[in-house]
Amino acid sequence: MAQNPEDCHYTKEHEWIRVEDGTGVIGITDHAQSSLGDVVYVELPGLGDTFEPGEIFGNIESVKAVSELFMPAGGEVVEINEDLTDSPELVNTDPYNDGWLIKIRLSDEREMEALLSVTDYEEYLKEEKEK
Amino acid sequence: MSPKRTPLYPAMAELGARFVEFAGWEMPVQFSGPIEEHMAVRQAVGLFDVSHMARFELRGPSALAVIQELTCNDASRLVDNQVQYSALMTHQGTVVDDITVYRISEEHYFLCVNAANAGKDHQLIQLSVPGREAELSDVSGFYAQIALQGPAAEPLLQSLTKIDLESVKFYRFAIGEVDGARSIVSRTGYTGEDGFEVYAPSEDAPRLWRKFMEQGRSFGIRPCGLAARNTLRLEAKMLLYGNDMDETTTLLEADLAWILKMDKGEFLGREALRRQQQEGLKRKLAGFEVLDRAPARDHYPIHFNGQPISQVCSGSFAPYLRKNIGLAYLPIEACQPGTRFEIAIRGRQVPAQVVPTPFYRRQKKQQT
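Line order of the protein sequences matches chains S and B. Per my numbering, the very first residue in the first sequence carries number 1; after that it's consecutive. Per my numbering, the very first residue in the second sequence carries number 1001; after that it's consecutive.
Just chain S, same shape as in the assembly (with noise of 0.2 Å):
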């Protein structure tokens, strides 16, 4: 299992959101990949569209589902993973470094604080596995 890291935000539907120098670079997390399985198709948006905190941003296939993503924060997409194309699986193996999904130049940064902390998360999860 990999580490969820500090340095990252977290939404209750799973992606983490990495700030680096005004760039959020998003993903999902362990725990999601892990519920997934084996992922084997990433639909992922184009360059320079546009989304809300909140909105679906495309698509992630396991062998067995199809998941919606969901925009951790607002922005313009400005890179996508393409190593994905040919990789998917290394959503399941890296999900916090190479399984990265895109990247966005962010609409404001405050948004962050709207999110979940690493503990946070962390405790979201315990809860939810206890219902």
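Since the hints were derived computationally from the structure, they do not count as laboratory data. Bear in mind the structure is a predicted one, so any value in this text is a computation, not a measurement. Each hint should be verified, as a subset may be incorrect.
Below, a sample of chain B positions facing chain S; criterion: calculated Cβ distance under 7 Å [to be verified]:
{"#": "1", "residue": "Q1030"}
{"#": "2", "residue": "G1033"}
{"#": "3", "residue": "P1034"}
{"#": "4", "residue": "I1035"}
{"#": "5", "residue": "A1227"}
{"#": "6", "residue": "R1293"}
{"#": "7", "residue": "A1294"}
{"#": "8", "residue": "P1295"}
{"#": "9", "residue": "F1317"}
Capping the alpha-carbon separation at 27 Å, the derived lysine-lysine pairs in DSSO-like fashion look like this [claimed, not checked]:
{"#": "10", "chain 1": "B", "residue 1": "K1261", "chain 2": "B", "residue 2": "K1284"}
{"#": "11", "chain 1": "B", "residue 1": "K1364", "chain 2": "B", "residue 2": "K1169"}
{"#": "12", "chain 1": "B", "residue 1": "K1004", "chain 2": "S", "residue 2": "K131"}
{"#": "13", "chain 1": "B", "residue 1": "K1237", "chain 2": "B", "residue 2": "K1284"}
{"#": "14", "chain 1": "B", "residue 1": "K1282", "chain 2": "B", "residue 2": "K1264"}
{"#": "15", "chain 1": "B", "residue 1": "K1004", "chain 2": "S", "residue 2": "K129"}
In this text, a Cβ means the ideal position worked out from N, Cα and C, and glycines have one as well.
Place chain B on chain S using the hints.
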């Protein structure tokens, strides 16, 4: 109603199985992951719990006659220790269930049927029994059913039984001891690979399962779940009842003419099928490949010449072929390999092409 558990539930939970509800049973959908499990079956050996399937015995001087009336294949051609793939029929020539028929002796048959159809199958057979010299019993609870599938299935199983497995040919079975448990061992499966299904007494099954895992380590064994079972059977174009055929599709439309024996005598659905043979089919189940990286999944809409015509029956990423494949009912004029059509994937019209089936065919052992 809470789902039932097979005798192997604890043994599978120990191995980290992730369970889902399937046909009223709590079954493992995956262990290490469907792709790894799928590849283990193609290249080594995979272990499956298929105890959720239902098992009946039919005995008596009229047992064969009852089977002959309800099914489309010719069970009179069976010899002792032979298995036959067949189907229980409706009078419209559509499919009640696809089943395997085991001839234990001339007046003793063993039937393996789908879990989801066990109730209606039992009822259908039971209705034919009164006044006949035949007795139907449901022996599902007595047996657990373990499938060992893959090129290493034979050496692994051989290490635990005195049955000479080399002499048990494809779709044949033997009755004997597996690690001391009296079992039916048949060279059958649902993966397109060589392998066996072991029907063992329920109380012995957990021990056998653990023994297979232990002895199988050196063969690269993997426990496998329903997800891998589905992708394996789809690559081999083995149909899934409820997805690929049911009581709304005839045997001919489902491309199962190879199990239809019109000359065997009267049986349910024969007249309807004869009529359909004369009139010609309007649609048929065909295999396709998606010409895109997006997998086409069950129920996605299909368009041909700009018109919506049907839906994907079974569709998935195929782990061994590394392609997106599927099965769908297409107009007969569209069933030729090479024919293009479109599948609506989240609003996008994605091209697909009819391909020959099976998608995957295993290499037969070289004769030396």
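>> Tell me the hint numbers this structure goes against, listed in increasing order.
In response: Result: no hint breaks.
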